[in-house]
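Trainee: Here is what each chain is made of, one letter per residue.
Number of protein chains: 2
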Amino acid sequence: MNSALAATQPIGPALPDGIETPCLVIDLDIVERNAERMAAQMSASGVALRPHVKTHKSVRLAQLQLRHGAVGVTVGTLGEAEVMADGGIGDIFVAYPVWADGRRAYRLRGLHARAGVRLSVGIDSLDGIRKLAEAVEDSPQALRVLIEVDPGNRRTGVAPAHAGALAVEADGAGLRVAGAFTHGGHAYAGRQAVAGAAADEVAALAAARDSLLRVGFEPEVLSAGSSPTAAAAAVAPVSELRPGTYLVGDRQQVALGASPPDGVAIAVAATVVSTAVHGQVVIDAGAKSLTKDLPAYIAGHGFLPAYPAGVLERVSDYHGMVVFPDGAARPALGEVVAVIPNHACPVIDLFESFTALRGGRSIGRWPVDGRGRSG
Amino acid sequence: MNSALAATQPIGPALPDGIETPCLVIDLDIVERNAERMAAQMSASGVALRPHVKTHKSVRLAQLQLRHGAVGVTVGTLGEAEVMADGGIGDIFVAYPVWADGRRAYRLRGLHARAGVRLSVGIDSLDGIRKLAEAVEDSPQALRVLIEVDPGNRRTGVAPAHAGALAVEADGAGLRVAGAFTHGGHAYAGRQAVAGAAADEVAALAAARDSLLRVGFEPEVLSAGSSPTAAAAAVAPVSELRPGTYLVGDRQQVALGASPPDGVAIAVAATVVSTAVHGQVVIDAGAKSLTKDLPAYIAGHGFLPAYPAGVLERVSDYHGMVVFPDGAARPALGEVVAVIPNHACPVIDLFESFTALRGGRSIGRWPVDGRGRSG
Numbered sequence: 001m002n003s004a005l006a007a008t009q010p011i012g013p014a015l016p017d018g019i020e021t022p023c024l025v026i027d028l029d030i031v032e033r034n035a036e037r038m039a040a041q042m043s044a045s046g047v048a049l050r051p052h053v054k055t056h057k058s059v060r061l062a063q064l065q066l067r068h069g070a071v072g073v074t075v076g077t078l079g080e081a082e083v084m085a086d087g088g089i090g091d092i093f094v095a096y097p098v099w100a101d102g103r104r105a106y107r108l109r110g111l112h113a114r115a116g117v118r119l120s121v122g123i124d125s126l127d128g129i130r131k132l133a134e135a136v137e138d139s140p141q142a143l144r145v146l147i148e149v150d151p152g153n154r155r156t157g158v159a160p161a162h163a164g165a166l167a168v169e170a171d172g173a174g175l176r177v178a179g180a181f182t183h184g185g186h187a188y189a190g191r192q193a194v195a196g197a198a199a200d201e202v203a204a205l206a207a208a209r210d211s212l213l214r215v216g217f218e219p220e221v222l223s224a225g226s227s228p229t230a231a232a233a234a235v236a237p238v239s240e241l242r243p244g245t246y247l248v249g250d251r252q253q254v255a256l257g258a259s260p261p262d263g264v265a266i267a268v269a270a271t272v273v274s275t276a277v278h279g280q281v282v283i284d285a286g287a288k289s290l291t292k293d294l295p296a297y298i299a300g301h302g303f304l305p306a307y308p309a310g311v312l313e314r315v316s317d318y319h320g321m322v323v324f325p326d327g328a329a330r331p332a333l334g335e336v337v338a339v340i341p342n343h344a345c346p347v348i349d350l351f352e353s354f355t356a357l358r359g360g361r362s363i364g365r366w367p368v369d370g371r372g373r374s375g
Numbered sequence: 001m002n003s004a005l006a007a008t009q010p011i012g013p014a015l016p017d018g019i020e021t022p023c024l025v026i027d028l029d030i031v032e033r034n035a036e037r038m039a040a041q042m043s044a045s046g047v048a049l050r051p052h053v054k055t056h057k058s059v060r061l062a063q064l065q066l067r068h069g070a071v072g073v074t075v076g077t078l079g080e081a082e083v084m085a086d087g088g089i090g091d092i093f094v095a096y097p098v099w100a101d102g103r104r105a106y107r108l109r110g111l112h113a114r115a116g117v118r119l120s121v122g123i124d125s126l127d128g129i130r131k132l133a134e135a136v137e138d139s140p141q142a143l144r145v146l147i148e149v150d151p152g153n154r155r156t157g158v159a160p161a162h163a164g165a166l167a168v169e170a171d172g173a174g175l176r177v178a179g180a181f182t183h184g185g186h187a188y189a190g191r192q193a194v195a196g197a198a199a200d201e202v203a204a205l206a207a208a209r210d211s212l213l214r215v216g217f218e219p220e221v222l223s224a225g226s227s228p229t230a231a232a233a234a235v236a237p238v239s240e241l242r243p244g245t246y247l248v249g250d251r252q253q254v255a256l257g258a259s260p261p262d263g264v265a266i267a268v269a270a271t272v273v274s275t276a277v278h279g280q281v282v283i284d285a286g287a288k289s290l291t292k293d294l295p296a297y298i299a300g301h302g303f304l305p306a307y308p309a310g311v312l313e314r315v316s317d318y319h320g321m322v323v324f325p326d327g328a329a330r331p332a333l334g335e336v337v338a339v340i341p342n343h344a345c346p347v348i349d350l351f352e353s354f355t356a357l358r359g360g361r362s363i364g365r366w367p368v369d370g371r372g373r374s375g
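Those sequence lines, one after another, are chains A and B. Here my numbering is used: position 68 in the first sequence is 68, and no number is missing along the way. Here my numbering is used: position 108 in the second sequence is 108, and no number is missing along the way.
Because the hints were derived from the structure by calculation, they are not lab data. Be careful, since some hints might not be right.
Repeated chains share a single entry, so a pair holds when one copy, or any two copies, can fit it.
What the hints assert, rightly or not - Under the rule of at most 20 Å between Cα atoms (straight-line distance), these lysine to aspartate or glutamate pairs were calculated in the EDC-like manner:
#1 K292 with D171
#2 K292 with D317
#3 K292 with E313
#4 K292 with D326
Starting from the given sequences, assemble the full structure and let the hints guide the process.
Mentor: Pasting the structure below:
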């Protein structure tokens, strides 16, 4: 492999000896460096950092982020919010258009009523506003809401010009309009899409602010972000950013230019269990350890830094087939190898805990507290 | 949608009211029908049924399969074997080339020593045989092994003609050679590949048998299978089949012709949380509830039987974007819809439990006992 290619491939953590595979490993030294770098970048831009903890779902990693200057956390589900609140985290934004009916209304009310928790939630519809307002109608404090606007990602969020109309409705229903948020997920189309997506986030929030100001709301928060867009979107009027994956990195972040190759703190440790078929080795990490998340601009279902010529061409539930060109160095039967996943978020969600490393040694298993809390 | 297309699309279970989403639902009436059908088919062919329980990882569903004539279970990992043994299941085959070192050797020895458990494991290498033999060397009973042969799937397994050589080595190391096994996973390339893959399984086991006979081993078990190939591979010399997904079905099985549209017992219940972007609705089941498992011959990340014109084009962690042509019927904001997953196995592994239905009503939450036991 030439050095130009090497510079675009993750390095990842060094594995300690004696690991039982498949096993999720996260290097806290690299995590800490990533946390510091992002916090410094946001601080230099005068923008608040509210990391999305759906990436790791770990209370301890969220606390590490708060120690490094995060103002609070972002979550994607009420389940994640509950886990973070249980872990003592006080400032939680559910960046999702919560539909508050049935048991979800009850859970939302419970979270909003917790002492020491400041909850904010996303909205993008009139009906959603009514449901939220009903769910918290007897609360002594108004629930903070942020209006989601679509920056061209075509996922959720109203057109930015409609933010004001929703704000009027939310305010009338007794909710407290704190501002607007957006997510430029279209950055994940590829490296060439990142700068445009960041600009779209900034423009969407500027338009949302104008819409809010026209109906008399001065937004306290204008929140954008993803890990790839964070650096470029940290400009006025954006006041807050919500990157998640930056903390641990993955192949996708490196490919998008959002993580340096030595910024990847995560690996799945796997054992070579079969070399019976010519031209490949089979590892015990398959789709149930690595997922089938496969962006178009990445080759293979994971990357083996120690064996860069190998391509993880296929995965079945418990098998990963790593194909090698003739003559290329490959691991031996029984060898334990590190595999860098394509996308950290769904991979971490597959594990109950991870081996946490400091100074290249295991300091124990840390729980993935919010594992499977997808609702 | 015309009726020819409808006949190729799953129907799935009817959802009970009041479900909290995202939620995995399995209809036991459909499960029972599938269990009976497969058992009858295997019984008529004089072939033993040893279902692969990695699909559902549920002790109760495994017990249901045993009540319907299964001779034992197949698992893919020692973790699944431990869960099934804990659940009182006595005949367990680990259809995987187990690499028995470190803690895995200890766990294997423990399983093999359990009273009331008959354990068999797969092998496909000389080194693997030595490791296995070391792990159980002090056991009063020899460990049963089955030699894995490759039917052209190019995953694991030796060439069938080499089965005899491995058998001699295993026998010499004190293991008990019970026979050979194979898996025609190349059936999943598409409907046109199924018959060939089944024929490949039969041919591989016939060749393995000949190789074993030549060195003096009369195989007790010649085990093949996957859900798509089960029917066609239930012929001599095959003595046992290991289908898994047939029990619950999924979109892939319907597309491959392995499950009738009314044989799909599984759905993920999801709520429409956003309709803000024109031409689509967004549901609260994304990649962390449905995976990104997307065979080339299937459109979208899941199928909504009640809204067949919708295509689940994109998933992010907690969002599923269902796109509709203009004028097509679509669910309203807040509506709960059933989504049939593309591939049941990794989807079930994402949930701690499922809502079990009888007569269309919930009879409670059943645990996914082996969830995340991927090693």
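Trainee: Identify every previously stated hint that the structure contradicts and give their numbers, smallest first.
Mentor: Violated: hints 1 and 4.
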